[in-house]
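All chains should be built: construct the whole structure from the sequences, respecting the hints.
These protein sequences, in sequence, are chains P and W. Note that this note's numbering has the first sequence beginning at -5, numbered continuously upward. Note that this note's numbering has the second sequence beginning at 5, numbered continuously upward.
In case anyone wonders, no lab produced these hints; they're calculated from the structure. For each residue, glycine too, the CB sits at the ideal point set by N, CA and C. You may find that some hints are simply not true.
Which stretches of chain W does chain P cover? Using the computed rule of at least three CB atoms under 8 Å from a CB of chain P, they are [to be verified]: (1) 32 to 46; (2) 56 to 62.
Label-pair ranges, simulated between beta-carbon atoms [stated by the list, open to error]: (3) 20/W to 74/P: 50 to 60 Å; (4) 107/P to 75/W: 17 to 27 Å; (5) 77/W to 107/P: 41 to 51 Å; (6) 11/W to 64/P: 41 to 51 Å; (7) 39/P to 44/W: 15 to 25 Å; (8) 12/W to 48/P: 19 to 29 Å.
Selected chain P positions facing chain W (Cβ under 7 Å, derived; list incomplete) [claimed, not checked]: (9) 13; (10) 26; (11) 34; (12) 38; (13) 43; (14) 45; (15) 93; (16) 94; (17) 95; (18) 98; (19) 100.
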Amino acid sequence: AQSVTQLDSQVPVFEEAPVELRCNYSSSVSVYLFWYVQYPNQGLQLLLKYLSGSTLVESINGFEAEFNKSQTSFHLRKPSVHISDTAEYFCAVLKDTGRRALTFGSGTRLQVQP
Amino acid sequence: KAGVTQTPRYLIKTRGQQVTLSCSPISGHRSVSWYQQTPGQGLQFLFEYFSETQRNKGNFPGRFSGRQFSNSRSEMNVSTLELGDSALYLCASSADSPSGNTIYFGEGSWLTVV
Chain P
-5 AQSVTQLDSQ
5 VPVFEEAPVE
15 LRCNYSSSVS
25 VYLFWYVQYP
35 NQGLQLLLKY
45 LSGSTLVESI
55 NGFEAEFNKS
65 QTSFHLRKPS
75 VHISDTAEYF
85 CAVLKDTGRR
95 ALTFGSGTRL
105 QVQP
Chain W
5 KAGVTQTPRY
15 LIKTRGQQVT
25 LSCSPISGHR
35 SVSWYQQTPG
45 QGLQFLFEYF
55 SETQRNKGNF
65 PGRFSGRQFS
75 NSRSEMNVST
85 LELGDSALYL
95 CASSADSPSG
105 NTIYFGEGSW
115 LTVV
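Here is the structure:
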C-alpha cells in the first residue's frame, strides 16, 4: 500500500516570502502525484500534477513542484506568497493501476501573514 | 464545461436516519469516486464507480454504499447514521483515457449528524 507524509501541519509565512510545503510518499508501484488546495468551506481544487515527462511542474498561479523519484518526494514551492494563498494544501498519490483511488497526506495549513 | 456538481451542499440528520448524496460528474467522465473528510481522519477514499460498477472500495463499513447510473451520475447512501459520520463528503470524477489520471473534485456535501 502507498502512503503520503506531509511533514508540516502548519506553515506560517509572511507575505511575499518564499515557501516550501513538503511531501514524501512511499509506494511499491508507479504513482502519479498531485497537489490540491482547499479554501475554507470549499471542496478540493487541483493545483498541479505530475503524470509523466518533466519532473518540474508548474501551476498558473506561481506554484511549482518537483518530482524526485530517488527521494520519493514531491515538494510544493512558491517564490513569493500572497495573502490569498492562505489555505490547506494536500499532497496525494494515485497508483498506476487504472483504478481511481487517491491516497492523501494529512494536509498542510499555509498561513500567510501581512 | 461544468465541473463536478454535488447536492445537497448542507444537510443535518438525526442519528439512526439514512442519507443520500448525489453527484454529477464532469461531462464525459465515467469514473466517479467518493471521499470522506473529517478533522480526525483526514481525507479517506470510500469507493469508485466506473460504468455503473463498483471498481474499488475503501475501508468503510457496509452502512456506506453507492451506485452509479447509466448517465454516470452517482449517489452514495449512508444508513443508520452515527455521530461520527458527520463529515464533508466529496465526489470526484475522471475521464476514461490516459489523461484520466487527473481527478477533479466537487464542492462537497456537508453532513451533520445530531
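Checked hints:
Three residues within the 8 Å Cβ limit are the bar, and the stretch 32 to 46 of chain W against chain P gives 4, so the coverage statement holds. Figure legend: the stretch 56 to 62 of chain W, annotated as covered by chain P; annotation consistent (3 residues with Cβ-Cβ distances under 8 Å, at least 3 required). With their beta carbons about 52 Å apart, residue 20/W and residue 74/P fall inside the hinted range of 50 to 60 Å. Remark: the range hint 17 to 27 Å for residue 107/P to residue 75/W is contradicted by a beta-carbon distance near 47 Å.
The beta-carbon spacing between residue 77/W and residue 107/P, approximately 43 Å, falls within the hinted interval of 41 to 51 Å. Distance hint check for residue 11/W and residue 64/P: the Cβ-Cβ separation is about 45 Å, which falls inside the suggested range of 41 to 51 Å. Restraint check, residue 39/P to residue 44/W: a C-beta distance of roughly 23 Å satisfies the suggested window 15 to 25 Å. Distance hint for residue 12/W and residue 48/P: a CB-CB separation of about 41 Å, inconsistent with the stated range 19 to 29 Å.
The interface hint given for residue 13/P is broken, as the beta carbon of that residue sits about 21 Å from the closest beta carbon of chain W, more than 7 Å. Taken as an interface hint, residue 26/P checks out: its beta carbon lies about 5 Å from the nearest beta carbon of chain W, inside 7 Å. Using the Cβ-Cβ criterion of 7 Å, the hint placing residue 34/P at the interface with chain W is not satisfied: the shortest such distance is roughly 12 Å. With a cut of 7 Å, the hint placing residue 38/P at the interface with chain W holds, because the nearest CB-to-CB distance is about 4 Å.
Hint status for residue 43/P relative to chain W: holds, with the closest Cβ pair at about 6 Å, below 7 Å. This hint holds: residue 45/P has a C-beta 6 Å from the nearest C-beta of chain W, less than the 7 Å allowed. This hint holds: residue 93/P has a C-beta 4 Å from the nearest C-beta of chain W, less than the 7 Å allowed. Residue-level restraint check for residue 94/P holds (minimum Cβ-Cβ distance to chain W is 5 Å; threshold 7 Å).
Nearest Cβ of chain W to the Cβ of residue 95/P: about 5 Å, under the 7 Å cut. The hint holds. The criterion of a C-beta within 7 Å of any C-beta in chain W is met by residue 98/P, whose closest approach is roughly 4 Å, and the hint holds. Satisfaction of the interface hint for residue 100/P is found here, the shortest Cβ-Cβ separation to chain W being roughly 5 Å, below the 7 Å cut-off.
Of the numbered hints given earlier, the model fails hints 4, 8, 9 and 11; all others are met.
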